[in-house]
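*Asks:* Line by line, the protein sequences are chains E and R. Counting in my numbering, the first sequence tops out at residue 380, every number present. Counting in my numbering, the second sequence tops out at residue 317, every number present.
One or more of the hints may lead you astray.
[To be verified] Here are the simulated DSBU-like cross-link-like pairs (lysine-lysine), alpha carbons at most 35 Å apart as the crow flies: (1) E/LYS262 with E/LYS305; (2) E/LYS71 with R/LYS314; (3) E/LYS62 with R/LYS266.
[Claimed, not checked] A few chain E positions that, by computed beta-carbon distances, are all more than 12 Å from chain R: (4) GLU60; (5) GLN65; (6) THR114; (7) PHE167; (8) SER196; (9) LEU210; (10) HIS214; (11) SER300; (12) ASN324; (13) GLN352.
Simulated from the structure, these hints should not be mistaken for laboratory data. For every residue, glycine included, the Cβ atom is placed at its ideal position computed from N, Cα and C.
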Amino acid sequence: MNSDYVIETKRLQKVFVSKVRGEKRQVEAVKGVDLIVKRGQIFGFLGPNGAGKSTTQKVLSTLMRPSSGEVKVLGYDLVRQQDKIRQNVGFVSQVGGADLASTGMENLVLQAQLFGIDAKTAKKSAEEFSQRFQMTSYIDRSASTYSGGQKRRLDIALGMIHHPQLLLLDEPTTGLDPQSRAYLWTEIQALKTDGVTILLTTQYMDEADKLCDTIAIIDHGQIIVQGTPDELKSSVGGDTIVFSFVSSEIACKAEVLLNEHVKLELLQVTDNSIYLTIKDGERTLPDLLRLLDGSGMHVQGVTLSRPSLDDVFLKYTGRSLREDGQKQ
Amino acid sequence: MKLLHDVRLMFVNNLNHTLKSPVFIFINMFQPLMYLVLYMPLLGGLGSVPGFTGGNTANVFIPGLLVMQAIFGCAFVGFPLIDDIRSGVIHRYLVTPVSRSAIILGKVLRDVVVLLAQCILITLVAIPFGLTLSVPGFLLSLVLYIFIGIIMSCISYSFALIYKVEDSLAPTMNTITLPVSLLSGIFLPLALAPLWLQYLAKINPFSYGVNATRDLFVGNFQSISIFEGFIITGIIAVVMFYWSLHSLKKMAT
Ligand SMILES: Nc1ncnc2c1ncn2[C@@H]1O[C@H](COP(=O)(O)OP(=O)(O)OP(=O)(O)O)[C@@H](O)[C@H]1O
Ligand SMILES: [Mg+2]
């Protein structure tokens with residue numbers, strides 16, 4: 053056991069058995085996931101609906117037993133040392149968990165006390181978190197009156213109040229406005245600086261890109277590919293450049309010219325634009341512009357884009373993450 | 065120690081919820097109070113019918129009414145639990161180190177406190193209606209009502225944890241409460257019943273509770289039915305508690 057590993061799973065599998073009209077059906081939600089999360093990392097799960105992200109987190113939080121496989125969290129055995137894990141892990145589930153019949157403050161104080169923190173310290177902690185998450189104006193109101201985003205903040209504070217070493221966040225920013233989202237991002241980054249390890253799931257590419265040290269793309273219960281955001285993006289191939297011209301004739305001529313002079317990964321002409329992907333686009337773009345201009349093909353507009361995680365998802369699953377999300 | 069600490073936390077939390085709308089404690093007593101005011105006077109002369117150990121009507125009727133409060137008052141406590149399951153509260157508790165027993169006991173203890181308050185109130189209201197009770201007998205009876213309340217609460221919690229939806233819990237609890245209350249002779253002593261009904265009542269644990277409390281109210285402490293009542297309802301209360309604990313633990317599998 054490497055003490056640097058906060059999460060270590062081997063062939064983690066979770067099968068649900070449910071009855072459909074008296075007939076037993078099996079759903080294999082997680083199919084043999086090998087996962088290593090190192091101390092102090094922000095690790096992201098990216099995947100479409102039903103991929104098994106929440107199920108994996110529930111297993112890691114001790115909420116569900118794995119059907120098979122080995123799992124260690126903070127060096128403790130998931131099945132035999134649940135109490136140790138529970139004491140040191142925070143879990144914010146996708147549905148939340150705030151008690152709507154209580155005020156935010158009552159929620160926070162009780163949650164801290166459930167971890168054995170004494171009443172006085174619990175109260176102090178609760179006040180601290182209420183300030184840190186900018187909840188002071190509504191913290192003494194019944195949580196049933198909170199807006200979606202206010203409730204989400206409370207959910208997240210509840211998962212952190214006992215200062216866990218590992219924080220599991222299931223789609224933490226879904227339902228937050230851009231400002232709260234940005235705020236939560238800095239909060240998550242600050243936790244990382246404090247040495248907290250974070251495993252978060254998300255459906256937002258930009259979020260995974262901005263926050264995570266390592267991203268695992270998960271689909272149909274399996275990790276398809278894993279790496280740093282940059283590694284993943286460069287695995288897609290080149291950058292995308294789009295030139296637009298005055299007419300489609302010029303675009304066609306430009307296509308011929310470009311094909312003669314540079315090695316392109318992909319070249320496509322639609323109307324009066326040319327799409328091409330090329331390695332190291334930033335450095336080749338000026339050369340290409342000079343070439344086109346010098347041959348009398350006046351470029352009207354140009355865009356250069358780095359590959360996104362969406363492209364990564366497309367490459368490894370053959371589907372777009374966004375389309376897939378909408379279909380279900 | 066940890067168990068006590070956790071039970072106290074959960075109990076206070078649950079009691080707070082109840083006290084936020086105390087009016088429901090009274091609404092919950094409405095049914096027995098209606099029976100007391102609008103139905104018991106009908107029974108007028110029954111006090112002298114054979115099988116009425118208590119003598120006057122109120123002494124026979126009120127103990128049954130309090131059992132009714134214990135059965136119906138606690139039968140539907142599973143509904144707020146379903147809310148808590150749906151909103152993720154229970155799952156949030158389950159991933160903390162809190163004792164699982166404390167999650168159930170905190171709720172059951174609250175139910176017991178509410179039930180005790182209700183039983184005392186109903187008894188006080190009944191005194192002008194001619195109730196003459198043995199005070200030690202009444203206090204011992206409260207323990208019986210607690211056992212019966214625990215049984216019903218734990219059944220309700222178990223089904224809430226198993227079904228997780230209101231639509232199934234309501235008919236299930238209705239199906240349980242009506243036969244067990246009728247078959248325990250809460251309105252009229254089963255001594256008046258035909259033999260087949262009396263045999264049926266013998267397999268209903270609540271009938272032992274009702275018999276015991278009738279004897280206790282009039283201070284008939286030598287009666288064997290008191291002993292039977294405590295043992296049977298006490299054992300079932302413990303069994304039902306473990307069943308609900310098991311159902312809670314099964315949520316995390
Ligand atoms: N209790 C259950 N019984 C049966 N099937 C289940 C159960 N819980 C989850 N599943 C199934 O397991 C699969 C994975 O679900 P999971 O919640 O882990 O997905 P997810 O990646 O978190 O998706 P989302 O982005 O929608 O939250 C889904 O097909 C889901 O329907
Ligand atoms: Mg999910």
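*Asks:* Of the hints given before, which are not true for this structure?
*Replies:* 1, 3, 6, 7, 8, 9 and 10
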